[in-house]
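Asks: Protein chains in written order, with the numbering used here: chain F, 1 to 94; chain Y, 95 to 769.
Calculated directly from the structure, the hints in this document are not laboratory data. Since the model is a prediction, treat every value here as computed from it, not as a measurement. Take these hints with a grain of salt, some might be off.
[As the list claims (entries may be wrong)] Looking from chain F toward chain Y, a few residues come up when the C-beta cut is under 7 Å (computed):
(1) G51
(2) C61
(3) K62
(4) V63
(5) P66
(6) I68
(7) I76
(8) S81
[Said to hold, decoys possible] A short, non-exhaustive set of chain F residues, derived as facing chain Y with CB atoms under 10 Å:
(9) H42
(10) L50
(11) R72
(12) T74
The C-beta atom is built at its ideal place from N, Cα and C for all residues, glycine as well.
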Amino acid sequence: MAAVPHPSFSTWSSSAPAGAVRLSTLEPGQLATLHGAHLTAHDCALLNALGLTDRCVLRICKVGEPCIVQVRATRIGLARSVADSILVVPQGAG
Amino acid sequence: MPTAGVERESVLRPAPGAVPKSTRTLRVALIGNPNTGKTTLFNRLCGTRAKTSNFPGTTTSAKVGRAVVGGDVAVDIVDLPGLYRLSLDLPEARIARDVLAGSGPYAQPDAVVVVVDACNLTRNLILTGELLAYGLPVVVALNMVDLAQQRGLSLDPAKLSAHLGSPVVAVVARRGLGLDGIRASLGKVLQQSARRPADAGPAAPSDARDLTAWAEHIVEDSVGGASAVGSGADTLTERLDKTFTHPVLGLLLFAGVMVGLFYTLFALATLPMDLIEATFAQLGEIAGRVIPQGLVHDLVSQGIIGGIAGTVVFLPQICLLFFLISLLEDTGYLARAAFVMDRLLCRFGLPGHAFVPLLTSHACALPGIMSTRLIPDRRDRFATILVAPFMSCSARLPVYVLLTSLLFTGQPLLAGLAFAACYALGASAALGSALLFRRTLLRGEARPMILELPSYKSPSVRNALVAAKEQGFAFLKTAGTAIMAICVVMWWLNTFPRVGPAPEADALRSRAEAVANPAQAEALRAEAHLIDQRAAQAGSFAGRLGQTLQPAFAPLGFDWQLTVGVLTSFLAREVFVSTMSVLVGDANDDVTDQGVIARIRAATREDGSPVFTPATATSLLIFFVLAMQCLPTLAVTRRETGHVKWAALQLGYMTTLAYVFAFVAYQGLRLTGVS
Numbered sequence: 001m002a003a004v005p006h007p008s009f010s011t012w013s014s015s016a017p018a019g020a021v022r023l024s025t026l027e028p029g030q031l032a033t034l035h036g037a038h039l040t041a042h043d044c045a046l047l048n049a050l051g052l053t054d055r056c057v058l059r060i061c062k063v064g065e066p067c068i069v070q071v072r073a074t075r076i077g078l079a080r081s082v083a084d085s086i087l088v089v090p091q092g093a094g
Numbered sequence: 095m096p097t098a099g100v101e102r103e104s105v106l107r108p109a110p111g112a113v114p115k116s117t118r119t120l121r122v123a124l125i126g127n128p129n130t131g132k133t134t135l136f137n138r139l140c141g142t143r144a145k146t147s148n149f150p151g152t153t154t155s156a157k158v159g160r161a162v163v164g165g166d167v168a169v170d171i172v173d174l175p176g177l178y179r180l181s182l183d184l185p186e187a188r189i190a191r192d193v194l195a196g197s198g199p200y201a202q203p204d205a206v207v208v209v210v211d212a213c214n215l216t217r218n219l220i221l222t223g224e225l226l227a228y229g230l231p232v233v234v235a236l237n238m239v240d241l242a243q244q245r246g247l248s249l250d251p252a253k254l255s256a257h258l259g260s261p262v263v264a265v266v267a268r269r270g271l272g273l274d275g276i277r278a279s280l281g282k283v284l285q286q287s288a289r290r291p292a293d294a295g296p297a298a299p300s301d302a303r304d305l306t307a308w309a310e311h312i313v314e315d316s317v318g319g320a321s322a323v324g325s326g327a328d329t330l331t332e333r334l335d336k337t338f339t340h341p342v343l344g345l346l347l348f349a350g351v352m353v354g355l356f357y358t359l360f361a362l363a364t365l366p367m368d369l370i371e372a373t374f375a376q377l378g379e380i381a382g383r384v385i386p387q388g389l390v391h392d393l394v395s396q397g398i399i400g401g402i403a404g405t406v407v408f409l410p411q412i413c414l415l416f417f418l419i420s421l422l423e424d425t426g427y428l429a430r431a432a433f434v435m436d437r438l439l440c441r442f443g444l445p446g447h448a449f450v451p452l453l454t455s456h457a458c459a460l461p462g463i464m465s466t467r468l469i470p471d472r473r474d475r476f477a478t479i480l481v482a483p484f485m486s487c488s489a490r491l492p493v494y495v496l497l498t499s500l501l502f503t504g505q506p507l508l509a510g511l512a513f514a515a516c517y518a519l520g521a522s523a524a525l526g527s528a529l530l531f532r533r534t535l536l537r538g539e540a541r542p543m544i545l546e547l548p549s550y551k552s553p554s555v556r557n558a559l560v561a562a563k564e565q566g567f568a569f570l571k572t573a574g575t576a577i578m579a580i581c582v583v584m585w586w587l588n589t590f591p592r593v594g595p596a597p598e599a600d601a602l603r604s605r606a607e608a609v610a611n612p613a614q615a616e617a618l619r620a621e622a623h624l625i626d627q628r629a630a631q632a633g634s635f636a637g638r639l640g641q642t643l644q645p646a647f648a649p650l651g652f653d654w655q656l657t658v659g660v661l662t663s664f665l666a667r668e669v670f671v672s673t674m675s676v677l678v679g680d681a682n683d684d685v686t687d688q689g690v691i692a693r694i695r696a697a698t699r700e701d702g703s704p705v706f707t708p709a710t711a712t713s714l715l716i717f718f719v720l721a722m723q724c725l726p727t728l729a730v731t732r733r734e735t736g737h738v739k740w741a742a743l744q745l746g747y748m749t750t751l752a753y754v755f756a757f758v759a760y761q762g763l764r765l766t767g768v769s
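Pulled out of the complex, with its shape left as it was, chain Y reads as follows:
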């Protein structure tokens, strides 16, 4: 999804020829192989103030930061996606080619910094060789020189520089060493508009063999001890790889890591989430006191504050998840774990990378969908996004508790089994649907995994913090605005048209005035309030819509009250319980309160028959397992796929599947005499 900020400010600026160099901010592109420390260098050069967006017309993340080089020259640094070769037919390579050539919507950069891994010079120089063909001023950041020295390599930056016709600076980005050299060299090449000597670079940069021979020649001439690299076995790495990718041990370890990750997520996110909820509740109260009762009061306290709270409350989970995933990814472990899960998921057309997003979706689909950025292939990624909301998220829990309790009163074992069956149904629907999508819309088998296994290393907390911050802001910026707008619309639908006090409620209030016992009077007033709430809900646009649409839900066994519950919970599933509480005449929505469950169970239709029969409760439970009852998830799907059609497909597909399964369950139970 193109987002205006970055494009306008840095990527889509007029080409250098259109505006004199002296009157505009200079642009520098940062390029490199994956796992070379490119992001670490970017964060070191630009601090944490980088803007994150997408490259125009793509869902590939673009980061632009400001740095000062050459003493006093401000430059915009565009962090290009990590890539192995510019010539690959992959989205990230296409973007990099367009940026470097200044074609399409991009302005050509004034210089390029290429980050190369000093321990893996030959492969990294191949990308550098391709880059030199563009004729742009280049600075080579020779990263991880400390590790190279530990491995017995002696590097000669001066000789490398002579071969490449560009400055080569030894750096250790993780520790911030060599950054001044990068800044100084950048300042120099930008001021001089230095062009490389014509003979620098390979003779035929598009020929793989020529490029490899060229790179090997440079390494032979500039690096001492190169023959030792890669020829011997790194026994610790080999042992760790064998363990982490073992069919049984690897799986157990992965399960342990995931349990640890989610335990940490839940344990640490609960406190800030509670604080956010309490803060917004306080704000709502303050607004309630400051703003006079009326429409503005309700809009601010319920629509706006409620909408912001409903968005911001997810922030701790999202930030923490990305912090932890970034740490895990940095260690090199996730690449091994992807192979472990690939054995299972490839049968359903999904890659091993899909496991983390799917598991995350059990907590909340929002961070789950956002974490699909780990998946390199677009079709794999979209298939994962489409099916992730089938996983039973924490918002479904209150509904599951309510409905399984209604189904199996006093039978905790059966209720527990039904609860587990909901999770199994959701996961099965996700895997089955993934297979369906991969055989239709996203046709093709899951691509067999070919993955670089990066070196094991200690993770960078700094990088993880930056990743958490970026994802948090991205969520607030795009999903947050949509969610808040939707909250206001839902508030309006639930509030209008205004319904006056019900005569029955007025009668109760009159009785309360006459009663001497204060407790009894208070009880009567509370009952009157509930009757008014119920009348307001039924008379609102949402209520009327529920009554109008009830015939469509009748085959599932839903009366108008259940239909209203389903429609109002479209905003968020957990709203269903509070809606039902109001409709059956109890403001308490605590599903752990057996009194509430008993009252909801006793709720009757207008003809006196029970609202919740076993068949209705089963049908409703299945509907909630499978339906896309979460607008924030749709907003994030739209953002991550870059097009509203995928969100519409997700909504249409999940709702249809939920309807069909609920219909079959209800009618099947009725036919077998269960009603």
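Same shape as in the complex, but just chain F:
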């Protein structure tokens, strides 16, 4: 199986839907749907592998440095710069 250098993420500059905000602006406990990330292909692939795939639903556990999110049963710590670069649509918004 060949390596897949590019993930299924789109960058937010090209596909930001209505109501999309940076992940870092959400409050703890909020649910959101992932819509893209302005990150390197490597970081996107790693997020994908951890379960942060396009349109997945995630829960914000902690904001700040680090930002902690939960997707299914996986808790993921993200540097603030990464959380700033991820675009989500809060559930109930838009």
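Dock chain Y against chain F, hints included.
Replies: Chain Y alone, transformed into the frame defined by chain F:
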């Protein structure tokens, strides 16, 4: 660094087609996401007799163990690195792909055991889906089923098995439950060469969305209560995460944990280290009595026994450190601590993971460099390895004590401040150099941290013991052999050519014969012995080298005696004090003895001027803070980076930096009238 043992025995064997299956030991690959208990299962299946090496051409650790499955079938189990996806463009994923495909130097395994976390099935099944595409017989170890049940999940291994076309065995690796099922299923798939049904596995295993949909479908069909997992907040975990990653509280807690770790390390390692030193001293004495005086006697007692002692003495620290780090890592705390330190270290191009190795290097750079294995990114790891020896290790302490005492006699406050400044200079040099390396040779910013935060759990003492044993053996095997060879070479340089008794010493001995007072006679003989030692040191290859190279060190204010001290301490920094003691005529090398310091301070050059002026002592102190005066560290750097060029770079860079800073300090002080 490829190490022959494992490759020859297990990984690089002929492909299955070349040798009939019945005439060779079968191979099983163990694969799984990180934090799924893969290593625990490996240790349970193979015991503690696994061989550790590196995958060929990489610095990724490879473990191979022997297990008996299906009643009486011996198999070699290759523990592949933990990975989230086979398709990732990461070293561990590349190795796993090559092993599974049997490409490059690897032989394809006869079967694969994939360890999946029962509490986190969807993500783990995605890796399983990729694995199924290889068409190999697969056994699925559904680990941590006890925790899954506690969380309200009801798992149906039979349904899972039907979806995956492979046996699924519920296990609790930590408690050793379900291992017989794994062995039996492995025996079955190996004997039958069972192939999975063609429709098992996802339709498009390289497509992330298809894989996720496939995994979610299986979980929906096979797991009851799955919707409850991950949707609610685990309040204890959330509170602990908030505390451990808090900017202030997290830092304080981390400092407390590190103080506890190093206190334990020093408190517990001291006794075995003292015992090792005493044992080897005893061995040296026995060898001295058994072997007649002469070259062989000196080689055995000083070169070989001294060399082995100089290696083995580090073993308690290394084993204990890895035992404690393994326990900490197992709890899930280290992943949180990495974020705390990332805020500081990322400014210098280093990841948060680098903190433990850098702090450890204050005790000794050897375990510090070895613990960089915690750092996932290669460039981050190499940058940390290159700068770790700048941290002031315990071997530098005697030199710091000596030189700060020489600089500030009777001024303990200033001596203390100078002592602290040495630590600050070392740490600053490490951080500044890390920034330099990340902007040149290891170009790139420190990668922003994206890290899975594993569940908090009680650590496995068994795993920690295995980790300590593996690291201890790895150190002895690679670094130990190099260190011993170097010790013998240094002994030879210090011993040859043999110099006969000095006329001045002979005269003293004659006087001793004539003196009636036994104490006075003994003192004269001791003085004669020191004169002989000094003459031998000066006349040896190392001494001659010191005198030849002295012009190069003259701009730093070093005379030939200091140059010899610097060269002989290349083996280990603490040797400097004993060398200086011999050169200035005192066999005592106890720096807490003020008499020794006074005598070293009073040492003169051949023209009668003092060896240690304030400018010289400052220059020498800076040189010792920054220089790479430790051959064992270079041996470990070579081993951990997989190439001698990184050790050469470390030596060249640190020595150059030490030379430049010492030069600037000496010349600057001279220009300002301090000499």
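Asks: Answer holds if the nearest beta-carbon of chain Y is closer than 7 Å to that of P66 of chain F; otherwise answer violated.
Replies: 4 Å, holds
Asks: Would the hint on I68 of chain F be counted as holding, given a Cβ-Cβ threshold of 7 Å to chain Y?
Replies: 6 Å, holds
Asks: Quick check on the hint: I76 of chain F CB to chain Y CB, less than 7 Å?
Replies: Result: holds, 6 Å to nearest chain Y Cβ.
Asks: Given C61 of chain F as an interface hint, is its Cβ closer than 7 Å to any Cβ of chain Y?
Replies: 6 Å, holds
Asks: Given a cut of 10 Å on the nearest C-beta pair, is the interface hint for L50 of chain F held or broken against chain Y?
Replies: Result: holds, 6 Å to nearest chain Y Cβ.
Asks: Answer holds if the nearest beta-carbon of chain Y is closer than 7 Å to that of V63 of chain F; otherwise answer violated.
Replies: Status violated, d = 10 Å.
Asks: Does R72 of chain F pass the interface hint, meaning its C-beta sits closer than 10 Å to a C-beta of chain Y?
Replies: 4 Å, holds
Asks: At a threshold of 7 Å, is the proposed contact between S81 of chain F and chain Y supported by beta-carbon distances?
Replies: Since chain Y brings a Cβ to about 5 Å from S81 of chain F, closer than 7 Å, the hint holds.
Asks: For the hint on H42 of chain F, just tell me whether its beta-carbon gets within less than 10 Å of chain Y.
Replies: 7 Å, holds
Asks: With a cut-off of 7 Å, does the beta carbon of K62 of chain F approach a beta carbon of chain Y closely enough for the hint to hold?
Replies: 6 Å, holds
Asks: If you take the shortest Cβ to Cβ gap from G51 of chain F to chain Y, is it below 7 Å?
Replies: It holds, given that the least Cβ distance between G51 of chain F and chain Y is near 5 Å, below 7 Å.
Asks: Take the shortest C-beta to C-beta distance between T74 of chain F and chain Y; is it under 10 Å?
Replies: 6 Å, holds
Checked against the numbered hints given earlier, the structure breaks only hint 4 and satisfies all the rest.
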